[in-house]
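**Q** Chains as they are written, first to last, in the numbering used here: chain A, 1 to 261; chain B, 1001 to 1261; chain C, 2001 to 2261; chain D, 3001 to 3261.
Don't read these hints as lab results, they were simulated from the structure. Just so we're clear, the structure is a prediction, and the values are computed from it rather than from any experiment. Don't take every hint at face value.
Said to hold, decoys possible - Derived Cβ-Cβ restraints for the label pairs, each shown as a range: (1) A/129 - D/3215: 29 to 35 Å; (2) D/3142 - C/2146: 54 to 60 Å; (3) B/1188 - C/2179: 36 to 42 Å.
Claimed, not checked - Residues on chain A that point at chain D, a partial pick, calculated with CB under 10 Å: (4) 83; (5) 204; (6) 208.
All residues carry an ideal CB built from backbone N, CA and C; glycine is no exception.
Protein chains: 4
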Amino acid sequence: MDRLAATRDEIDLNADVGESFGPWPMGADDDLIPLVSSVNVACGAHAGDPATILRTVALAISHGVVVGAHPGYPDLAGFGRRELDMTPADLRASLVVQIGAVQAAARLGGTTVRHVKPHGALYNRAARDERTATTIAEAVRDLDPGLVLVGLAESRSIAAGRAAGLAFSEEAFADRRYEADGSLRSRLRAGALLGPEDAAAQALAIARDRTVVAGDGSRLSVRADTICIHGDSPDAVAIAMAVRAALIGAGIRIASRPPDG
Amino acid sequence: MDRLAATRDEIDLNADVGESFGPWPMGADDDLIPLVSSVNVACGAHAGDPATILRTVALAISHGVVVGAHPGYPDLAGFGRRELDMTPADLRASLVVQIGAVQAAARLGGTTVRHVKPHGALYNRAARDERTATTIAEAVRDLDPGLVLVGLAESRSIAAGRAAGLAFSEEAFADRRYEADGSLRSRLRAGALLGPEDAAAQALAIARDRTVVAGDGSRLSVRADTICIHGDSPDAVAIAMAVRAALIGAGIRIASRPPDG
Amino acid sequence: MDRLAATRDEIDLNADVGESFGPWPMGADDDLIPLVSSVNVACGAHAGDPATILRTVALAISHGVVVGAHPGYPDLAGFGRRELDMTPADLRASLVVQIGAVQAAARLGGTTVRHVKPHGALYNRAARDERTATTIAEAVRDLDPGLVLVGLAESRSIAAGRAAGLAFSEEAFADRRYEADGSLRSRLRAGALLGPEDAAAQALAIARDRTVVAGDGSRLSVRADTICIHGDSPDAVAIAMAVRAALIGAGIRIASRPPDG
Amino acid sequence: MDRLAATRDEIDLNADVGESFGPWPMGADDDLIPLVSSVNVACGAHAGDPATILRTVALAISHGVVVGAHPGYPDLAGFGRRELDMTPADLRASLVVQIGAVQAAARLGGTTVRHVKPHGALYNRAARDERTATTIAEAVRDLDPGLVLVGLAESRSIAAGRAAGLAFSEEAFADRRYEADGSLRSRLRAGALLGPEDAAAQALAIARDRTVVAGDGSRLSVRADTICIHGDSPDAVAIAMAVRAALIGAGIRIASRPPDG
Chain A
1 MDRLAATRDE IDLNADVGES FGPWPMGADD DLIPLVSSVN VACGAHAGDP ATILRTVALA
61 ISHGVVVGAH PGYPDLAGFG RRELDMTPAD LRASLVVQIG AVQAAARLGG TTVRHVKPHG
121 ALYNRAARDE RTATTIAEAV RDLDPGLVLV GLAESRSIAA GRAAGLAFSE EAFADRRYEA
181 DGSLRSRLRA GALLGPEDAA AQALAIARDR TVVAGDGSRL SVRADTICIH GDSPDAVAIA
241 MAVRAALIGA GIRIASRPPD G
Chain B
1001 MDRLAATRDE IDLNADVGES FGPWPMGADD DLIPLVSSVN VACGAHAGDP ATILRTVALA
1061 ISHGVVVGAH PGYPDLAGFG RRELDMTPAD LRASLVVQIG AVQAAARLGG TTVRHVKPHG
1121 ALYNRAARDE RTATTIAEAV RDLDPGLVLV GLAESRSIAA GRAAGLAFSE EAFADRRYEA
1181 DGSLRSRLRA GALLGPEDAA AQALAIARDR TVVAGDGSRL SVRADTICIH GDSPDAVAIA
1241 MAVRAALIGA GIRIASRPPD G
Chain C
2001 MDRLAATRDE IDLNADVGES FGPWPMGADD DLIPLVSSVN VACGAHAGDP ATILRTVALA
2061 ISHGVVVGAH PGYPDLAGFG RRELDMTPAD LRASLVVQIG AVQAAARLGG TTVRHVKPHG
2121 ALYNRAARDE RTATTIAEAV RDLDPGLVLV GLAESRSIAA GRAAGLAFSE EAFADRRYEA
2181 DGSLRSRLRA GALLGPEDAA AQALAIARDR TVVAGDGSRL SVRADTICIH GDSPDAVAIA
2241 MAVRAALIGA GIRIASRPPD G
Chain D
3001 MDRLAATRDE IDLNADVGES FGPWPMGADD DLIPLVSSVN VACGAHAGDP ATILRTVALA
3061 ISHGVVVGAH PGYPDLAGFG RRELDMTPAD LRASLVVQIG AVQAAARLGG TTVRHVKPHG
3121 ALYNRAARDE RTATTIAEAV RDLDPGLVLV GLAESRSIAA GRAAGLAFSE EAFADRRYEA
3181 DGSLRSRLRA GALLGPEDAA AQALAIARDR TVVAGDGSRL SVRADTICIH GDSPDAVAIA
3241 MAVRAALIGA GIRIASRPPD G
């Protein structure tokens, strides 16, 4: 996280959505989707039943929000938050089928899936493990080379997307505390989650200054094309509103931008 | 089944494939796929995990066999053979996501899904229940109006496909005994399943004469664009070979034909 | 519902609990369990993952609340609210395994499962369909003849329990409007759900007078050993508190009573 | 594997059974069960639907074979052969519920579950990872301290069982090649699987001499109370028959023996 980066006047705000399952709601998609510029729709493996997928994609379309797929490990009970030791071939197949589910829902609604952002344990593993990152990037490219890969900024996930010839979008977080080494503070530690005011300040720093202030007060350089608002936070809507207000007040447009290069 | 129909010189042979799940194989796809002109690939709901879907579609492509989707009730343990009282909205969503899975696998292999044939209890219900038939036909059309709907010949399923403006393909069976009323004899009754020789004769009668001889010896008129070989029969490969030989010997081409109208 | 019945001084209050799944909470078990005298714990088929089963049983034990099993159709996405056309043998096996799950959790906590109350579509089907009712009653008896069967008051479910030689507990509802024919008003119709005050009055009428006032103002005779508080109502805790207050104020003890006969 | 051990005149033969699921058969339980002295019944998480659990337990009872539970990671598609990063609490709960399923089936058939043998990736992990081994041993003990824990001979799994105060049964393999370090040769390498004749010789060496000849010709000391016949081998029945003949011919009784100490 030491790359210099110019001030920018536009950023994407994204949210993970469609994570209800059957009778069990999750998140505040109805309120959150209108506040972001792109969404990542759960694909039925870690969350999201078919009716939820269709409803969520239709809601995004109705608000003009860009639709992406949010595949995870096939493990509903664990919500895709625990590692599952899949072979590359099984992971590839799972990704293709998961993304295909959201693509079908998008086609039904007259749009297309623009990007893919892995979920949970798969996102984290792709950020650090080259084989996982490459399996994901190649599955996405082989399915549709026009898809954008979203991953943790400056991680192996992004490197694999670049190597696969995919457009990519680097992600930073408004509502999570960064540590001095650039990692996110564990949710198990105090101060890991930021409230609306701090999240707004962090989003502005990311978008305008390309920096974040870490837990120890040090300032980190961070490169981000998109900022994530976690939909499963109880404050998600308040955070999204505060982040929007801060960005717009600083003259920064919130829009789902085309991929780098 | 009283429509007169002319002798024809071409017919589609189809098989339900990709019905393995995880460690559990089913059918003889490797041997059967080269013998048919189109396949219906299980979509992961009643059978078929993602790796199986990709492998099966790739196998069909390698043999130049036309790829279709074979969605069923989401009930692995029951193999889609027992009715599940889904709302039309839930059934529609399930179909879209299931077909989307096979579409993604097809896209990965450089082809497209040409048709949709419901499975098991869903196939049977669509044949007799207008609401189910209409839900299926409209889901297929709204996902892609170029898809062909495959259903039991002269059933509500076909009527709903026609009403939805879809091309359709009417199906008859080579390896099952028909009753005098045009229904299939229950698998629970003796004589329900035909061996290779009888199946070949029945296939030839369907393709050339547009008739079948029912269990009571009466001759029924039957209109069919495609003949199904059940892949889960122990004799499936022998039946397919006998049917092919009989048809080809009678000068009938085996090919996946374009839809009516 | 025409059986005469004497005023009583004790009634069971029950609630369906443990219906969370993985990351998705449902109900207010922590607050509701201390207010009832027995609970019906979801068994992992329509809801309830293993950790939830253990936690819920432990919570019931800690409050001295009687533990029962609450098996349903194996259909998470549908929450056991849609009929699944299982064979009697498959239904029997599913019930045995589901009840076994809660029995194991109870054994771990030093108690035993006292009763079985089917859930959702299975409860409703058992109330009207003799074959389903008999399959349930015989599975429960064959697993443990000391189990109590809970079912809709004066329904086929209870008749089958009696025929199987099981103790049984007839159930009425505090928080749902009855129709003049003794059925519950559909949740889809206005006025189906009662608020705390009306629920308290209805519970008192059931417990003390063995009557309910139906939607058309007529008074029905109703025999009940147990009154259900629906945990998935947003008002569940308020309803339970109001019902308790009304019953206790009228000198009626709330306790999980031994079965009839 | 360097412990001296006396010649013995009795050994247990065990098989993993009940690993069918819904429409998909696995193994040759009907033929294999009569040939062994104990079985490990899949519990519905990695394999085995409820009807299969009941049928398999009934089959074992009818042949006088001792019934055990065979819990695995909850991952049907992966057949419990890939690691799933469960928390100890979630693993404990999963085990309790899985064992409870087989206990209920056993109770229905008038017997009890005598032992627990973990499956696949869970078995392997427990053999080398103390935390996993302890979680398993304590879950088994807390559910029923009379249960016997079956694990890889001289592994952490056995050590944890001993520490938890459980009786245990150490397992060796007739039909798999051992390496010089006492590990099993990977199924991916040539010569990993032994045929009937070699398996019979190895079983006899294990039972009578407490040794095996490793792949490099060296002789290892091995301590085993039970010998596993893998039911998913195509040769399973032939292997079991050859092993029986060899053992019986050498005067060794095949019986499910009470636990050590």
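**Q** What are the numbers of the hints the structure violates, in ascending order?
**A** Of the numbered hints, 2, 5, 6 do not hold.
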